[in-house]
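S.K.: Start from the sequences and build out the full structure, keeping to the hints where you can.
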Amino acid sequence: MTARARSDRANPGAASPALSMRNLSVRFRMRDGGHVAAVADTTFDLAAGECLALVGESGCGKSVLASALLGLLPANADVEGAALLDDGTDLLTADERSLARAIRGRRIGLVPQSPAAHLTPVRTVHSQLAETVRELAAVPRKGLRLATRAAAERAAFPADHLDRYPHELSGGLAQRAATALALVGDAPLLLADEPTTGLDRALVERTADELRRTVDEGRALLMITHDLAAAARIADRVAVMYAGRIVEIADATRFFGEPGPRHPYARGLLDALPERSFRPIPGMPPELGKLPAGCAFAPRCERADALCGTRPRFDGRTACHHAPAEDPSRA
Amino acid sequence: MLELSNITAGYERGRPVVQDVSLAVARGEAVGLLGPSGCGKSTLARVAALLHRPDAGTVVLDGTTVHDYRHRAPRALRTTVGVVFQSPRLSADPRLRLRDLIAEPLKATGRRIEIRERVDELAHAVGLGGDLLTRGAHEVSDGQLQRACLARALVLRPRLLICDEMTAMLDASTTAALVAAVEAYRRETKASLLAVGHDQVLLDRWCDRTVSWAAPSAA
Ligand code: SF4
Numbered sequence: 001m002t003a004r005a006r007s008d009r010a011n012p013g014a015a016s017p018a019l020s021m022r023n024l025s026v027r028f029r030m031r032d033g034g035h036v037a038a039v040a041d042t043t044f045d046l047a048a049g050e051c052l053a054l055v056g057e058s059g060c061g062k063s064v065l066a067s068a069l070l071g072l073l074p075a076n077a078d079v080e081g082a083a084l085l086d087d088g089t090d091l092l093t094a095d096e097r098s099l100a101r102a103i104r105g106r107r108i109g110l111v112p113q114s115p116a117a118h119l120t121p122v123r124t125v126h127s128q129l130a131e132t133v134r135e136l137a138a139v140p141r142k143g144l145r146l147a148t149r150a151a152a153e154r155a156a157f158p159a160d161h162l163d164r165y166p167h168e169l170s171g172g173l174a175q176r177a178a179t180a181l182a183l184v185g186d187a188p189l190l191l192a193d194e195p196t197t198g199l200d201r202a203l204v205e206r207t208a209d210e211l212r213r214t215v216d217e218g219r220a221l222l223m224i225t226h227d228l229a230a231a232a233r234i235a236d237r238v239a240v241m242y243a244g245r246i247v248e249i250a251d252a253t254r255f256f257g258e259p260g261p262r263h264p265y266a267r268g269l270l271d272a273l274p275e276r277s278f279r280p281i282p283g284m285p286p287e288l289g290k291l292p293a294g295c296a297f298a299p300r301c302e303r304a305d306a307l308c309g310t311r312p313r314f315d316g317r318t319a320c321h322h323a324p325a326e327d328p329s330r331a
Numbered sequence: 001m002l003e004l005s006n007i008t009a010g011y012e013r014g015r016p017v018v019q020d021v022s023l024a025v026a027r028g029e030a031v032g033l034l035g036p037s038g039c040g041k042s043t044l045a046r047v048a049a050l051l052h053r054p055d056a057g058t059v060v061l062d063g064t065t066v067h068d069y070r071h072r073a074p075r076a077l078r079t080t081v082g083v084v085f086q087s088p089r090l091s092a093d094p095r096l097r098l099r100d101l102i103a104e105p106l107k108a109t110g111r112r113i114e115i116r117e118r119v120d121e122l123a124h125a126v127g128l129g130g131d132l133l134t135r136g137a138h139e140v141s142d143g144q145l146q147r148a149c150l151a152r153a154l155v156l157r158p159r160l161l162i163c164d165e166m167t168a169m170l171d172a173s174t175t176a177a178l179v180a181a182v183e184a185y186r187r188e189t190k191a192s193l194l195a196v197g198h199d200q201v202l203l204d205r206w207c208d209r210t211v212s213w214a215a216p217s218a219a
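Protein chains in written order, with my numbering: chain H, 1 to 331; chain B, 1 to 219.
The hints are simulated quantities; they were obtained by calculation from the structure and are not laboratory data.
C-beta: ideal position from N, C-alpha, C; glycine also.
Listed next, the in silico EDC-like pairs over lysine to aspartate or glutamate satisfying Cα-Cα at most 16 Å (straight line):
| # | chain 1 | residue 1 | chain 2 | residue 2 |
| --- | --- | --- | --- | --- |
| 1 | B | 190 | B | 29 |
| 2 | H | 290 | B | 131 |
| 3 | B | 107 | B | 93 |
| 4 | B | 190 | B | 208 |
| 5 | H | 290 | B | 139 |
| 6 | H | 290 | H | 32 |
Partial selection, computed: residues in chain H whose CB lies under 8 Å from chain B:
| # | residue |
| --- | --- |
| 7 | 58 |
| 8 | 59 |
| 9 | 201 |
| 10 | 202 |
| 11 | 274 |
| 12 | 279 |
| 13 | 281 |
| 14 | 284 |
M.R.: Right under this line is the structure:
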């Protein structure tokens, strides 16, 4: 993990965090008058030069969180809390005009889930990249070709493929093209939404390594993923989400290695990997509209007892009544 | 159970994505087919599932040489194979309730009388409980919908199951649960399995043997 040592330039901790999420809650108003709490009371900080992986099952709320950050929630969503950039901009209250003109692409770059869908099929990579460069980097016409090549290079996209159409690219190159687009505006904060879905292991590793490189250059990266292998490869810290709440935030080395996750759900998720016990967690996540009163994981948890009938507080590391105490052997 | 011999297949004339590939799956055997994204392994899976006519080569399924594909394939042959794809959203009609989705093949083959019992049994096997069966496909998560798609693939008791990147979009726990459901079905029926994927760790753990796309004709 020495490779993870952060550059001095990034200097995390000293300045305000690249993203400071404060008590984010997103509730959807349903047609029957009810509410569904998709994200509840979520708080974390993300520093420059740091990658935080947000992991969890589909439907756990992690993609709703991403939509909230990008201002892309549907009209029936009620949002509370704050998502502050280092200059104090609150992404949750910014209006669509400033989001479009000053924030998306410039302050926060999106590495999309399916690059093939994100790229315009009828235009070459060069033409799409050049347009974004012209828009975001204010490059004069003359320098455009050069600047476009440089933009491609930053995501390790080969210059001799720039004249290709998206469908002529392999999955890996399409991903790099999409990453190149996300990097053009030199946004200090990157949001990657399931960037490795459907890629084979080799490509997952390459994509993760490329994203890691952009982090080591001083960007902050919030990676939303269900792919634990990708998270293990790239993240400094891991946040585990269950039924709309963060149940654990941990240092990645400790989470994936020793002593391992503290929350029973996080333990179960890791344990389900084919390289571990390959045993599923019994049952399925609860409906967000019908959460049990206490701990949402209780119906699936082998350690649940009477105490778990009240909701465990998130103490900054874990939300569980029976999380192991700090083990004394590791100070 | 399945013999693919010297298969060449593709979608455009002169641009095959599968070239001269052979692969065999014995009765009761579980074979993993491992390959990178976009290498053509899904096309081979479609040929094996009788969903795509190869340009050259022969397919022998359960001792019968295949001559017709897609809706032209004889029903007895078609129902020998069950298929699950990567994306449940693309392979499920969003208007159907999960119960009807699972029952689709029974209706299509005129076996309505079995629906109730069979659907309940399978829902249980893939872990779909509560009122989920009455939900529309658009009202459930990807993981729940994929569970229903697996149940649909098993509803006619296929002797060969083809899983094409079945778990690529799913989290670790749902992946383990679906694989466990497939294996329980295979223990009970001695069905064969062709699991196509890009995750070697997963295929090695799941299958009797794993064949790499780089040299599948060596199989
Ligand atoms: S609070 Fe109780 S039910 Fe919830 S995860 Fe901890 S032990 Fe399990």
